Structures are given as structure tokens and as C-alpha cells.
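Just so you know, the sequences run in chain order A and B. With my numbering, letter number 287 in the first sequence gets 289, and the count goes up by one each step, no holes. With my numbering, letter number 75 in the second sequence gets 77, and the count goes up by one each step, no holes.
For the record, the hints were derived by calculation from the structure and aren't laboratory data. Mixed in with the good hints there might be a few duds.
Each pair may be met inside one copy or between any two copies, as identical chains are not told apart.
[Said to hold, decoys possible] Below, in silico cross-link-like pairs of lysine-lysine (DSSO-like), each with a Cα-Cα straight-line distance of 30 Å or less:
id : residue 1 : residue 2
1  : Lys229    : Lys325
2  : Lys229    : Lys27
3  : Lys325    : Lys268
4  : Lys283    : Lys325
5  : Lys32     : Lys267
6  : Lys230    : Lys60
7  : Lys133    : Lys268
8  : Lys32     : Lys311
9  : Lys27     : Lys60
10 : Lys230    : Lys325
11 : Lys283    : Lys133
12 : Lys325    : Lys267
13 : Lys283    : Lys311
14 : Lys32     : Lys283
15 : Lys283    : Lys230
16 : Lys268    : Lys229
17 : Lys133    : Lys267
18 : Lys283    : Lys268
Predicted model only: the values in this text are computed from it and were never measured.
Number of protein chains: 2
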Amino acid sequence: MAPTDVISFSRGAPSLDIVDIEGLKAAAAKAFETDPARIAGYGTAVGYPPLREWIAAKHNVPVEQVIVTNGSLQADAFLFDALVTPDSPVIVERPTYDRTLLGLRNRRGQLHPVHVQPDGLDVAELAEILKGGVRPTLAHVIPNFQNPAGVTLSGPKRTELLRLANEYDFVIFEDDPYLDIRFRGENLPTMLELDDNDKVVFASSFSKTICPGLRTGYLVGPTDLIKKITTMATNTYVAPNMLAQATVYQFAASGALDASIANVKKALAERADALGAALTKHLPQATFVLPDGGYFLWVDFGDDVDVDKLAPAAEARGVQVVKGTGFVVDGGQHSLRLAYSAVSTDRIDEGVRRLAAAVEDCR
Amino acid sequence: MAPTDVISFSRGAPSLDIVDIEGLKAAAAKAFETDPARIAGYGTAVGYPPLREWIAAKHNVPVEQVIVTNGSLQADAFLFDALVTPDSPVIVERPTYDRTLLGLRNRRGQLHPVHVQPDGLDVAELAEILKGGVRPTLAHVIPNFQNPAGVTLSGPKRTELLRLANEYDFVIFEDDPYLDIRFRGENLPTMLELDDNDKVVFASSFSKTICPGLRTGYLVGPTDLIKKITTMATNTYVAPNMLAQATVYQFAASGALDASIANVKKALAERADALGAALTKHLPQATFVLPDGGYFLWVDFGDDVDVDKLAPAAEARGVQVVKGTGFVVDGGQHSLRLAYSAVSTDRIDEGVRRLAAAVEDCR
Numbered sequence: 003m004a005p006t007d008v009i010s011f012s013r014g015a016p017s018l019d020i021v022d023i024e025g026l027k028a029a030a031a032k033a034f035e036t037d038p039a040r041i042a043g044y045g046t047a048v049g050y051p052p053l054r055e056w057i058a059a060k061h062n063v064p065v066e067q068v069i070v071t072n073g074s075l076q077a078d079a080f081l082f083d084a085l086v087t088p089d090s091p092v093i094v095e096r097p098t099y100d101r102t103l104l105g106l107r108n109r110r111g112q113l114h115p116v117h118v119q120p121d122g123l124d125v126a127e128l129a130e131i132l133k134g135g136v137r138p139t140l141a142h143v144i145p146n147f148q149n150p151a152g153v154t155l156s157g158p159k160r161t162e163l164l165r166l167a168n169e170y171d172f173v174i175f176e177d178d179p180y181l182d183i184r185f186r187g188e189n190l191p192t193m194l195e196l197d198d199n200d201k202v203v204f205a206s207s208f209s210k211t212i213c214p215g216l217r218t219g220y221l222v223g224p225t226d227l228i229k230k231i232t233t234m235a236t237n238t239y240v241a242p243n244m245l246a247q248a249t250v251y252q253f254a255a256s257g258a259l260d261a262s263i264a265n266v267k268k269a270l271a272e273r274a275d276a277l278g279a280a281l282t283k284h285l286p287q288a289t290f291v292l293p294d295g296g297y298f299l300w301v302d303f304g305d306d307v308d309v310d311k312l313a314p315a316a317e318a319r320g321v322q323v324v325k326g327t328g329f330v331v332d333g334g335q336h337s338l339r340l341a342y343s344a345v346s347t348d349r350i351d352e353g354v355r356r357l358a359a360a361v362e363d364c365r
Numbered sequence: 003m004a005p006t007d008v009i010s011f012s013r014g015a016p017s018l019d020i021v022d023i024e025g026l027k028a029a030a031a032k033a034f035e036t037d038p039a040r041i042a043g044y045g046t047a048v049g050y051p052p053l054r055e056w057i058a059a060k061h062n063v064p065v066e067q068v069i070v071t072n073g074s075l076q077a078d079a080f081l082f083d084a085l086v087t088p089d090s091p092v093i094v095e096r097p098t099y100d101r102t103l104l105g106l107r108n109r110r111g112q113l114h115p116v117h118v119q120p121d122g123l124d125v126a127e128l129a130e131i132l133k134g135g136v137r138p139t140l141a142h143v144i145p146n147f148q149n150p151a152g153v154t155l156s157g158p159k160r161t162e163l164l165r166l167a168n169e170y171d172f173v174i175f176e177d178d179p180y181l182d183i184r185f186r187g188e189n190l191p192t193m194l195e196l197d198d199n200d201k202v203v204f205a206s207s208f209s210k211t212i213c214p215g216l217r218t219g220y221l222v223g224p225t226d227l228i229k230k231i232t233t234m235a236t237n238t239y240v241a242p243n244m245l246a247q248a249t250v251y252q253f254a255a256s257g258a259l260d261a262s263i264a265n266v267k268k269a270l271a272e273r274a275d276a277l278g279a280a281l282t283k284h285l286p287q288a289t290f291v292l293p294d295g296g297y298f299l300w301v302d303f304g305d306d307v308d309v310d311k312l313a314p315a316a317e318a319r320g321v322q323v324v325k326g327t328g329f330v331v332d333g334g335q336h337s338l339r340l341a342y343s344a345v346s347t348d349r350i351d352e353g354v355r356r357l358a359a360a361v362e363d364c365r
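Could you put the whole structure together from the sequences, leaning on the hints where they help?
Structural data, given as C-alpha cells:
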């Protein structure tokens, strides 16, 4: 019988103890007190104006380049609707975020997966694909602490990717929700910062720095594209959620956001380190890259481990994992994604011990 | 020179004095206090569970028939994406809500407008169209205090429309955001209530009973369709806004919603009556139906008034109106929509006086 105290490495979400509920409650109250007319009204499709300005200042761009949306997946959906038509060639990472693959497939994009290495996308492989004649509309890249691989795109590769985007005239979709939760080392410049030719559309979110339930994400991109997406937003929902966005703004303006980020990073660092140590101890044959930030760690097992057997065996042992197969166009049969964002440090060793037992179960 | 104190009959939104900001602030605080985990987390695509249950109970349907969305326009968008493919025949009211027309046009639906009479959609005209061979996917109807016409679909016409939907096998999209803000007479049964054959998809919203900025609307429909739309919602934004929906729920559960509705209805009744009286006094040649609820009144002028001239003339006189042309596939040249929802009663007579002067200006 499975233990009743299930340990879940499955969902990329924070545990409640690293969400500042009191701070959010105060921010919502302040929003109602200081700006009732804009919270109550229909609002504007570009987002709550003070938050939009705050984001523009953070990324050092004109405000016209920013649209704030109901979560960043909604931003992706608008961007894909704007740029991806059936049979548009699109570069995706291998592995990559499952919802991105689904969104592109639903729009019948022609997917060209490029492997992810310990220092991010294999840009040499991408260059070969481009030399071979593929002319992508878009390259989707999660540069920091990639979901699911946990790796970070190196500085030289960022430069090279931008050079390729300029040479072959495609848009880099820099999908960067984990930017602010690096817990080791120094942040690299975003491609958005390095770009001087309108080749980058950047997306991020407050789901990882505050919490997911506020469903507040954003896009930064060329003014014309943002204008086009603003029209799409108007026609889809008039305006995004004004209460949530005003709450995010007040939370950021009060300094609570910085404190929340520091708290989240501390917890994630502890959890990632505990997960790395437990894997080394209980599953010495597995390989992984210890991430410098973010929520996820990708574990490769040998060819003798089939995750279609391992995942249910783990479930039976009381530990939940996500199979690698969901994150690639094909393959992923020998890999798992482990999310440490929601598991308290003192439960991680036990979770991995169960996983190791499940590996033995299905040998 | 235009007066600086512009009076706007243009936007269908409430004035801030009829929004219970204190009640909303308390509801948001209570949401954080009582259910932090579900507000902070990703939530579910069907909406915040207690609110979904509240809506199901209100409409006396199983909870599986309800999805709560980021405003009801988003619900429309999902429904149209699910049912309207290029060249799908769709019945629309003439006139109707401009964003509905745009959403259907963007999906290249084949629009068949049916006139609206003082007692709502001309069902005899619809029957003729159906007899003529048109087989619509969908008939979009705003049954109560229609936007823009202000009229209400009579009881016998509701029954007849349902009969036609059954005979010719089409979906009635009962778009009913104004249901709860009838300020005169008794509510008629919704077609959702009368339907026993899964022919009705019903949409409503809290924008008119609480405020638009919470962007919370919903659909009630056949379980399979709601399931399909739930998948679309998951792929578009993971889940709708949990903070806003939990705030709406607490506002409703505390009784503040009932008080808000009573307050809104009182204000709207006064404003509608003042508008009717002012039109009779200053524009005796204009014709209109005094609404029993909702936000809007539709004014028909004679053939000698062209709204392309009248609207700018009114703007120059310091009063904003919306031209009829936006609400019909063609025509509307001699009509205006006047929204009284945001104009305090003591300003209405002056607004209509200015409009009457503008009519004289462009004769």
C-alpha cells in the first residue's frame, strides 16, 4: 500500500510557506484604498498602468513595449496566435515546457527540436538546422533554470543565438519566468538587453516571485507587435484582472516583493541542494545538472529504466514525479523532471529514497 | 469651445459611487484569511471552486455545467472558438453588442442579423430565415435589457425561440449580463431554465452587479461543452484569476452582493427615468423604449439625422454618445446608444440638452 503522506515532485508551484499571504492581503487593501476607480473599472488591455510602468522601468524599455496579461501562458498564447500559422517552422528546446509544446502543436507549428546541454540550447545544432534551409518564424528558449532541464543558457550562447536571429531573421521568444529566482551565482544579461534589432520578445511572470494565483505575467517586445497583441487582448477579455495587477503593483512598490524573492530563493537553494545530495546518495547511477535557480531538476536514468513503469511504481511508493516524455516531441523515456519548489527540505531525502526503491521495483 | 465638464453617455460601465469598494476590500481580506492556499496556487481552469458552486446553485444546475472565466467576453471567445468555424451561419440580433459582432467576424462566421423589436428578437423573422434554409450553429441573444437596444425578450418569444432551436437544432447563446439588474417589473425565466434539451449556453458576469475590474464572468452549458471549454481554458491561461474569484465569492457569501445589487438597481432606475424624461423634453421627435433594467437606451432619430455628423457635434457640445452604426452589420445611421450607467442623475438633463443642441447644429 502506498504511504498516505505523498511527497510530490510533480507540480512546478511554490509551497504555501514561501508565499507572503499577509503582505498580499496588505497590498490588496492598499490597492483598494489608493486607486479604487482603476480597480473597479474595466481597465485597459495593456494592463494596470502603474504595474506596466514598473515593468518597463525594471527592463529599461519604453512603456509602449510592455503588455501585462492574465498569466504568462496567456501572453504565450497571444504571441503564438500573432506569429505562428499552420506549418510555420518553430525552434523549440529539447526538452522543453510541456504547455509550450502543446500550444505550438495546437497551432500546427512545424516543430524543430534542438537539444539542451548543461549550458543551454545547443546553438551549433541550431546553426546546422538553419544552414540546412529551415527558416523559423520563432525560436522558443527558456534561458534561466530551464523547465524542465534546470540548466541556464551561457553568456556566449546568448550572443550567438542573437547573431543567428539577426542572420536568419527570426524572433527569439525569451521565456524567462525564473529570472529573479537565481539562488547561486550572478544573473547573465537577458537577450532582451543585448538585442538592438527588435529580434527578442521577452516574457516573464510574478508566479514564481509572488505566487501563481494572481495570474499576472507580461510580454516585452517591439512596439508594433505589442500593439497588435493589445488589440487581441481587447477583443478577448477587454482588460486583464485589475485587482490582481494592482495588488502585484502595491506588493512590489512596498518592498514586499524584494523580501519575498529573498525568502523564495533561500528556500529553493536549500531544497535544490537537498535534492542533489539525496540523488547522489540514493540514486548514484542517475545523472543530473544541479540548477543555479528555478524550480526543476532533470534526472537521466540509464536505458534500463523506462519511466512509463517508473512513474506508477513511484506513485505506489508515495512519491509523484513527471515523466520526461511529456517534455519532448519524441523520446524522454529514461528521464524524469523533479520539481523541488513545493517540497519542504526535511521531506526531500525521504522522497528520493522512495524513488530509488521504485527504480529497484521496476528493474 | 466644448464645455470642460464632459458628460459621457458612451461607456457601459458603472460610476464609482455605485461600487462597494469597502465591501470588496473586506471580501479580499477575508479571502486571504480563509483560503490562502487556493488563492495563492495555480487554481483550476473551471474557476475558484466555492464560486463555481455558488453559481451552480444560483442557476440550479450541476457544478459540472459551470466554468468561471476572466470576464464574460473571455467566455464568449472560448464558446465561439469551440462552435464557430469559418462560414458557420450565426444568428445575431440587429442591433447587438459591438464586441460580439467583432468576435464573430474575426472567426469569419456568416452573420444573419434578425431585427430586435420592443419585446426582443423578431422570432417570426428568424423562423422565415430558418424556413429559407439557413442552418445556424448558434443564435446569439441578449434577452434582458439588451445592449444596445435596452429591450427585453418576452416570455412567449423565449418559448418560441427554444422551440425553433429544437426544431432546427441550433444552440441558443443566452448572453445575460444584466439579468440581476432589473429595476422595474418581474424577471422572466431564463431560457436556460426553460430548456430541457441542452440547447442553451448561458453566460453572465459580475461586472454589472459588483464591478468590471474583477473581470469575472461565467458560462453555464451542457457538460461536454463545458469540458471542452475547460481544456481550452487550461491551455490558454492554466486557471482564471483566483484572487478576484475568491473576492467575488466572499462578497456574495457575506450578503454584500445583495446590498450592492439593490443599490445599483436604485441608481439605474433613477438614471433611466431621468434620461427618458429629458429625451421627451428636449428631443420630442426622437423615439426610444424606456428599459426595465440594464445600462442602455437606444434612440432613433429621423432620417434627417446622420450620426456621423451628430456624434462629433455632440462631442463639441461636451456630451459623448455611441453611434448606432457600430452595433449592426450595416445601417444604424440614424440611431445612438446612450448608456446611463455612469451619469449621475443630476447631470442627465444637461447632457440631453447638449445632445439636442447638437442635433440642431447638424440639421
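Here is what the structure says about each hint:
| no. | hint | result |
| --- | --- | --- |
| 1 | Lys229 / Lys325 | between (39 Å within a copy, 25 Å between copies) |
| 2 | Lys229 / Lys27 | neither (33 Å within a copy, 33 Å between copies) |
| 3 | Lys325 / Lys268 | within (27 Å within a copy, 58 Å between copies) |
| 4 | Lys283 / Lys325 | within (21 Å within a copy, 73 Å between copies) |
| 5 | Lys32 / Lys267 | both (26 Å within a copy, 28 Å between copies) |
| 6 | Lys230 / Lys60 | within (23 Å within a copy, 39 Å between copies) |
| 7 | Lys133 / Lys268 | neither (44 Å within a copy, 70 Å between copies) |
| 8 | Lys32 / Lys311 | neither (51 Å within a copy, 45 Å between copies) |
| 9 | Lys27 / Lys60 | both (24 Å within a copy, 29 Å between copies) |
| 10 | Lys230 / Lys325 | between (37 Å within a copy, 25 Å between copies) |
| 11 | Lys283 / Lys133 | neither (44 Å within a copy, 76 Å between copies) |
| 12 | Lys325 / Lys267 | within (26 Å within a copy, 54 Å between copies) |
| 13 | Lys283 / Lys311 | within (22 Å within a copy, 80 Å between copies) |
| 14 | Lys32 / Lys283 | neither (48 Å within a copy, 45 Å between copies) |
| 15 | Lys283 / Lys230 | neither (52 Å within a copy, 45 Å between copies) |
| 16 | Lys268 / Lys229 | neither (38 Å within a copy, 40 Å between copies) |
| 17 | Lys133 / Lys267 | neither (41 Å within a copy, 67 Å between copies) |
| 18 | Lys283 / Lys268 | within (23 Å within a copy, 70 Å between copies) |
Hint compliance for this structure: hints 2, 7, 8, 11, 14, 15, 16 and 17 are not met, and every other hint is.
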